[in-house]
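> Position 234 (the sequence shown) corresponds to 233 in numbering that gives the first Met the number 0; numbering is contiguous.
Derived from the structure by calculation, the hints contain no laboratory data. Do not take every clue at face value.
Pair ranges (Cβ atoms, derived) [as the list claims (entries may be wrong)]:
(1) Gln347 - Arg407: 31 to 37 Å
(2) Asp117 - Pro223: 39 to 45 Å
(3) Lys182 - Asp117: 26 to 32 Å
(4) Arg50 - Ile214: 37 to 43 Å
(5) Ala329 - Pro223: 47 to 53 Å
(6) Asp117 - Arg320: 44 to 50 Å
(7) Gly309 - Thr396: 27 to 33 Å
(8) Lys160 - Asp244: 21 to 27 Å
(9) Lys182 - Asp151: 38 to 44 Å
(10) Arg229 - Arg407: 43 to 49 Å
Built from N, CA and C at the ideal position, the CB exists for glycine as well.
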Amino acid sequence: MIGVSDRVRLGVVGCGVVATAYYLPFILDHEEAALVAVCDLDGERARACARLFGAAETYTDYFAMLERSELDAVLILTAPGTHARFALAAAERGLHLLLQKPMALTLADATAIVEAVDAAGVKCVVEPSSQSPLDPDWRHLRALIDRGVLGDPYWFTLIPKAGPRYSGMLGGNPYGNAAFFAKDSGGVIFDYPYMPTQIVTLLGDCASVVATARISAPDRMIVPEGDYTRWLSERTDPRDCNYWDAVLTMEKTERIVMEANDNVFSTYTMASGWVGDVHVGRPFHPTYGDTAGSGGLQVFGVGGNLILGGPHMASFISERRDLLPEVDEAGWYHVPARGDLTKARWPQPVPGAFNYYAESTRHLCDCILRDEEPVVNASWGRHITEMMWGSLESSRTGRRYTMTTTTRGLREGGGVGVV
0 MIGVSDRVRL GVVGCGVVAT AYYLPFILDH EEAALVAVCD LDGERARACA
50 RLFGAAETYT DYFAMLERSE LDAVLILTAP GTHARFALAA AERGLHLLLQ
100 KPMALTLADA TAIVEAVDAA GVKCVVEPSS QSPLDPDWRH LRALIDRGVL
150 GDPYWFTLIP KAGPRYSGML GGNPYGNAAF FAKDSGGVIF DYPYMPTQIV
200 TLLGDCASVV ATARISAPDR MIVPEGDYTR WLSERTDPRD CNYWDAVLTM
250 EKTERIVMEA NDNVFSTYTM ASGWVGDVHV GRPFHPTYGD TAGSGGLQVF
300 GVGGNLILGG PHMASFISER RDLLPEVDEA GWYHVPARGD LTKARWPQPV
350 PGAFNYYAES TRHLCDCILR DEEPVVNASW GRHITEMMWG SLESSRTGRR
400 YTMTTTTRGL REGGGVGVV
């Protein structure tokens, strides 16, 4: 039994970009965590992480790490197709876990994780925690909506665009075939659970979805995987291991084929009555002028609107000004953006803002040490997963997909079905 004064012994599987850029540097400084073991199929990556971040043990076999290492929890930071199998193995051994997005690629796998976690009595944090109830700014937005600033439900949109100039992010991630392009990556929709997370955090559980999904641009170019391994082997400072600083300017020389959907339109109906359109896809070219970068979540109620993005984190306008903390001359209430935006380098977290990699790891350790249920737990993650999986099921069948879960469990009377 872990005592409050103890440190949570962590094992990390997957020594890729998110591990070395975000999770491992945080663990290095977190007083409640101790990095015991790292694991990667590429032994050179595992050894580099052990050298940089101080892990005593290195493995190239995940199941060997679970068997031999004395751990309290594992961080599963591998390609999406491995998440369910690795999560089940951890729970079966009584280990707490953090699951990098996506939780799973099917509802069945997500449900298996929920059941395994419940049976073992372990904690499970499902990423992303950004734009979730774990983020105080998003709790503030939800509280205002619940107070009635938007009035009755009307509609919402979430259709991201592109920036104003060419960059290595246009057309998709510049690296990572297994993580973003291969069939068992799940495709672009499973890389973007941020979208359903935003919607559910603000508007509540989803009731159904109608969607169309396809592979529109199969031919892709990426930076070869070996470039990251060589780059990592040359690092000497554990707090200067963010591959994004390098990869965005590297030449894409490896030709691959997109094997999973890269273009998905979904219309979600929420249990609260809101209806909205969401698109996931990655433009290949910039957006023009003042329109660049627009396309964040916009919620239009009968009594008011909520606009996310721009110079502020979010902005409300409402016929019920008395429900807003304050308003400017035009009637808007602005929630300021946190962090130093002058130092923002997308897709890296804004310095000083909510860093979900760090906050999720902190949250996992806190929940283990205090025996508390995580905010973004397995049931939460399953509902988010079903929203994405349901879109693909709707597209596959040509029919509306009715949700069978809620963020708290199974929907009463709900059975898997497309109607």
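> Flag every earlier hint the structure violates by its number, smallest first.
Hint 7 alone not satisfied by this model.
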